[in-house]
Structures are given as structure tokens and as C-alpha cells.
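J.: Make the full structure from the sequences, and use the hints.
This is what each chain is made of:
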Amino acid sequence: MKKDILTTGNQHFNDVRNINRDLIEKALEMRCNAYLAHVKAKLLTMTIYDVNSSKTALKREVAARTIIENQIKHKSAQLEELNTQLEKRVVEEVEKRRENELILAQQSKMAAMGEMLGAIAHQWRQPLNALGLYIQDIEEAYDFGELNKEYIHKAVTNSMNQIEFMSNTIDDFRNFFKSSKEKTDFNVIDSINEVLSIVTASLIKDKIELSIKFSDFNNFKIHSFANEFKHVILNIITNARDAINDARIIDSKMEYGRILITIDLLEDKHIKITIEDNGTGVPEKIIEQIFDPYFTSKHASVGTGIGLYMSKVIIEKNMRGKLYVNNIDHGARFIIEIPKAST
Amino acid sequence: MIQYNYNDSINILRDIHWVGFYDEQADLHCNPYLMVDGLDVILFDPGSIPHFSIVMRKIIDLIHPESINHIVASHQDPDICGNLPVMEDLINNPELRIITESGCVRLIQHYGINSKYFKVDKNNNKLILKSGRVLEFIPTPYLHSPFAIMTYDIKTKTLFSSDIFGTVSKDWELFKEINSTFKAMKLWHQAIMPSNVILKKCMEKLQDMDIERILPQHGSIIEGSAEVKTAITFLKDLPCGIDLD
Ligand SMILES: Nc1ncnc2c1ncn2[C@@H]1O[C@H](COP(=O)(O)OP(=O)(O)O)[C@@H](O)[C@H]1O
Ligand SMILES: [Fe+2]
Ligand SMILES: [Fe+2]
Ligand SMILES: [Mg+2]
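Listed in order, the protein sequences are those of chains L and R.
For what it's worth, the working numbering labels the leading residue of the first sequence as 25, then goes sequentially.
For what it's worth, the working numbering labels the leading residue of the second sequence as 1488, then goes sequentially.
Read the hints as simulated data drawn from the structure, not as lab findings.
Positions of the beta carbon are idealized from the N, C-alpha and C atoms, including for glycine.
Take the hints with a grain of salt, since some may be wrong.
Capping the alpha-carbon separation at 25 Å, the derived lysine to any residue pairs in SDA-like fashion look like this [as the list claims (entries may be wrong)]: (1) L:Lys50 <-> R:Ile1547; (2) L:Lys341 <-> L:Ile311; (3) L:Lys66 <-> R:Met1696; (4) L:Lys293 <-> R:Gln1490; (5) L:Lys66 <-> R:Glu1553; (6) L:Lys341 <-> L:Arg121; (7) L:Lys50 <-> R:Glu1553; (8) L:Lys64 <-> R:Ile1641; (9) R:Lys1613 <-> R:Ile1641; (10) L:Lys50 <-> R:His1551.
What follows is a list of derived Cβ distance ranges for each label pair [stated by the list, open to error]: (11) R:Ile1489 <-> L:Asn44: 19 to 25 Å; (12) L:Met54 <-> R:Asn1611: 39 to 45 Å; (13) R:Asn1498 <-> L:Asn57: 29 to 35 Å; (14) L:Val63 <-> R:Gly1711: 18 to 24 Å.
T.: Spelled out as C-alpha cells, the structure:
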């Protein structure tokens, strides 16, 4: 019995011990699991946080990139704007240039017109005088009873000749200022003669002798704008006249002015027109500038400084030729080289 | 023959306890030990997560877990360090130090350890306890971990040998006649140790030491200096790892 109680007691003690062990181990296992769950949760939150922060980092990066992109866009827009502005300015500049050129051409025309008016005045003086004489003569003839049919016919014919001459001068003048619509074949010598017919009278008045020298008339055909070419010749001749008149002021003994026009054929099928005068010559310190627009050494009421500029433009740009100057012993020499018309 | 109750902790010496889990299904048995030296409590190779609840219960039977202030992790393996984070969490002692080798720190921090480390190589391979008792750490590189250490308790001449002197066998007892363990010891060492060249060097070193008992992390305790010598002699010439083909 006693042994039974002891065994049972022992049994009971062991059971309690085992239950205790199990309980503690269960608790520790739970503790362990709790810890691991906690670690997992922590890991999860960290992961979520990481994902979030990498998301925000990504967002931030995207935002930064967007800003940079926008900046680039803005910059390239600015650049584009600048470019268009530049283009616009180039166009404007070109336009302005063109306008200036037009103004210059207009001014040169006006200047030439001034020259021409002077020339016409001289051109008309003689026929006007003649007409006046004829008309006076009619009155006298009547007084002396000489006014018959034959006389009248002769007076009318003479008067009509003068009037025709004057009318021609006007026509020349008018033609001169029509700008050539298109290129034509024309003879350089004809053109020069047409200019001379306009300016001769004024040259005579200024006691200037003009001579023209060439070898073979038929060889000097060019294909270009005829009127513009005449303007160039007129410009150079009037400049020569001015230079001669200036030379007279310096040297009062100088009697005759001389202008010599020589037309030659160059080997490479260029026509060379040399216009020499015995004027002042071009002072060395301005020789580089005389082809610049608005450059003039003359008094404002006389000089415009456009003539040589326009001449150079016409010869070199429109006619693909050359216009240049050098001084000779007593005076200046202007040389025009233009391609001959291909026959 | 004494019958041991493996359900409870087992006193090896007055102040050294076996706190392991006897898993009858396993062939590899893990032996964590607890040393209680007054104010210093040292836990050796606490083990894995599956072993945690039993190991901890046995510890709680002996002391308050908060009093543990050192854990020796002889190397980085999961059968040693697996439950370290849970262990330190439950111990909850801000003074707790993990004793290990510097190179090992680099690895075991990946378990998610929060405690501070006591790096043996940075401390002259010595830990002096508050009582004045000295624990010596013996590096045993490549046996089998490059960072492996053993702990030698000068006072009791006890060697905590970690994986060395371990056995692998279903037939396990904490104390076993030395000659009956050689087969399992051979099996274990040939499987896990890299080469006799390395093992021999270690044994030669141990030959000159005064060792009363060896407490391996696996297998059975080797009690008595003569038995210790026998074991050392056995391992000294054991070909293992790359020696075998
Ligand atoms: N034959 C010349 N002899 C000397 N100087 C000349 C001659 N032709 C032109 N020049 C110089 O070149 C300048 C520019 O001529 P031009 O462009 O025709 O303008 P402008 O005759 O209105 O002055 C003249 O002012 C003058 O100083
Ligand atoms: Fe190991
Ligand atoms: Fe191990
Ligand atoms: Mg002029």
C-alpha cells in the first residue's frame, strides 16, 4: 500500500514535471514564434517602407527628370525662338539691305537725272537760240516783203529740224531712265555714243574735248542691260568732267580738259573700256573708298557718293565684269572689263 | 552506468551544464553548454531555431536568462547561430556580448544580431571573467570554418572544442566510452574537415595542452586526460576531406 502511494506520488510528481516542461517549452516556442513573427512583420514593414521610399525616390527622380526635361524643352524652345528671331533678323536685314540698295539706285537715278537735266539744258540752248532767230527772222522777212511760200517752207523745215532734235533729246533722256527690262545684245560703242549725244553739249561748255578710240566696231557686242551700262558710262564721264573742273581751280593755266575713251578687246573675250581724264586724279588716301556708297569728296550740293558704288554694282554684279581705277600721269583712269557676247 | 535524463539540463561540472536537445530522430546532435561563474554567465553555441524552446527551457531551469552576458559563437554555422537573434531578444541584456572571431562577425551579422561583439582576435584571445577566471580562445582555422575557435577554460582544464571531436551517429549518448565513438568521429571529421594537414597541426598543438575534458558541439563528451590523449592521437593521423578520393 505504502509502495503504491509512493509510486503514485512519484508518478504524479513526474507528470507535473513533464507538464511543466511542456508548458514552458510551448511558451518559449510561442515566444520564439512571436519573435520570428515580429521579425517578419518588421521585415515586411521595412520592405514596404523600402518599396515606398524607393517609390518616392523614383517619384522624386521622375520629378527631377521632368524638371530637367522641361528645362531642356524650355532651353530648346528658347533656342528655337532665338533661331527664328535670328532668321527673322536675317530676313529683315536682307530686306533692309535690299531697300537700301533700292534707295541707292533711286538716288543714283536722281543724281543722273540732275546731270541729265543740265545736259539737256545745254543741249537745248543751241536749238532754242536757233528757233528764236528763225522766229525773229519771220517778222523781219515780213517787214521786208520776203515772206513767200519758199521762205516759209524753209523756215518751217529748219524749225522742225531743231524741234526734232530737241524732241530726240527728250526721248533720249526718257529712254535713258527706263531701266532695261531684259538683257539684249548691244554694241558698246553705240551705247557710248548715245551717252555722248547727251553730254557733249555740257562738255563743250566746260571746254572738255572727248575722243573715242577703237579698232573694230563690230567686235564690241555685249549681252546685257543696255541702259544700266549707259548710266555707268555717264557716271564716269561726269566724274571726269568734275575732276577736270577741279584741276582748273588748282591750275588756272590749264586750258583744255581731255577725256579719252579707248575700247579694246582682251584675249580672253573680254571688252576693255578705258576712260582717262586729265583731271585731279584720285588722291591716294581715298582711292580705297571711292566705290563705297555715299563716299564723296565733293560739296554736298554736288556730290552724292552714289555714282561709283552703283557703277560697280552694275558692272560686277549684274554684268559679271570688273570696274577699277588707277591714276595716270595727270589724271585718273577708270577701267571696265566686261564679257563679250557669245556669237 | 548512470542513466541521464536528457529532458533536463545535465551538470558536467558544478558550474558547467549541458543544455542541449536530444533529438532521437537525428544523427547529428548539438551540444550547447552553459557556464555559470558568479556574475558571469556564458552560453556556448546556443544552436538552431528548432532547438530554441528546449535549450531555453533548460537555461531557465538553471538561471534567469537576463543574467547571460556572453554567448560564444565558435563559428558561423546555423546549428550554432540560428537562434542567436531570438536568444538575445529573450535574454534582453544590454551588456550581452557575442564572442567570436572578427571574420565571423562579418558573416553572423546577417542573422540579424543586435548585440555587441567581443572579437577574440582583438582581445588577445582571452576573456577574463569578473571572478578572475580566464577563458582562452584557440583559433582553429579551416576546422572547419576559416573563423572557427575553441574555448579553453584554464580553471577546469575544459576544452569547448566546437565541431572538432564531434561525432555523427543515431546512437548518441552524452558520455560514451571513447573507443566506441571513433567510428562516428571518423565519419564526422572525414565529412567536414578539409584535410589531415590542417587537422594534424591542431592536434599537435592540443597534445601539449593540459586538457581534462573536451566538450564538443556534436557527439559525446570526452572525460579524462587519458581519453583526451587517445582522441587526439586518433584524429592526428586521420585522413579527411581532400585527402580522401
Ligand atoms: N575721274 C576722277 N578723278 C578724281 N577723283 C574721282 C574721279 N571719279 C571719282 N572720283 C572720286 O570718287 C568720289 C566718288 O565718286 P562718285 O561715287 O561718283 O560720287 P560723287 O561723284 O557724287 O562724289 C568722288 O567724290 C571723287 O572724289
Ligand atoms: Fe560547423
Ligand atoms: Fe557544428
Ligand atoms: Mg559721280
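J.: Against each hint, give a clear statement of whether it holds in the structure.
T.: Going through the hints against the structure:
1. A hinted pair counts as satisfied when its Cα atoms are at most 25 Å apart, and L:Lys50 with R:Ile1547 qualifies at roughly 13 Å.
2. Under the criterion of a C-alpha separation no larger than 25 Å, the hint pairing L:Lys341 with L:Ile311 is consistent with the structure, at around 21 Å.
3. The hinted pair formed by L:Lys66 and R:Met1696 fails the criterion: a straight-line CA distance of about 47 Å is larger than 25 Å.
4. The suggested pairing of L:Lys293 with R:Gln1490 is violated, with an alpha-carbon distance near 136 Å, which exceeds 25 Å.
5. Between the alpha carbons of L:Lys66 and R:Glu1553 the distance comes to roughly 24 Å, so the proposed pair stays at or under 25 Å and holds.
6. Distance hint between L:Lys341 and L:Arg121 is fulfilled; the C-alpha atoms sit about 15 Å from each other, no more than 25 Å.
7. This hinted pair checks out: L:Lys50 and R:Glu1553 have alpha carbons roughly 20 Å apart, not beyond 25 Å.
8. Note on L:Lys64 and R:Ile1641: the hinted pairing is violated, with a Cα-Cα distance of about 42 Å set against a maximum of 25 Å.
9. Simply put, R:Lys1613 and R:Ile1641 have alpha-carbon atoms about 11 Å apart, close enough for the 25 Å limit, and the pair holds.
10. About 18 Å separates the Cα atoms of L:Lys50 and R:His1551, which keeps this hinted pair within 25 Å; it holds.
11. Between R:Ile1489 and L:Asn44 the beta carbon distance is about 24 Å. The supplied range of 19 to 25 Å therefore holds.
12. Between L:Met54 and R:Asn1611 the Cβ separation comes to about 42 Å, which falls inside the hinted range of 39 to 45 Å.
13. A C-beta distance of roughly 30 Å is found between R:Asn1498 and L:Asn57, which places it inside the suggested range of 29 to 35 Å.
14. Taking the beta carbon of each, L:Val63 and R:Gly1711 are about 43 Å apart, not inside 18 to 24 Å as hinted.
Checked against the numbered hints listed earlier, the structure breaks hints 3, 4, 8, 14; every other hint is satisfied.
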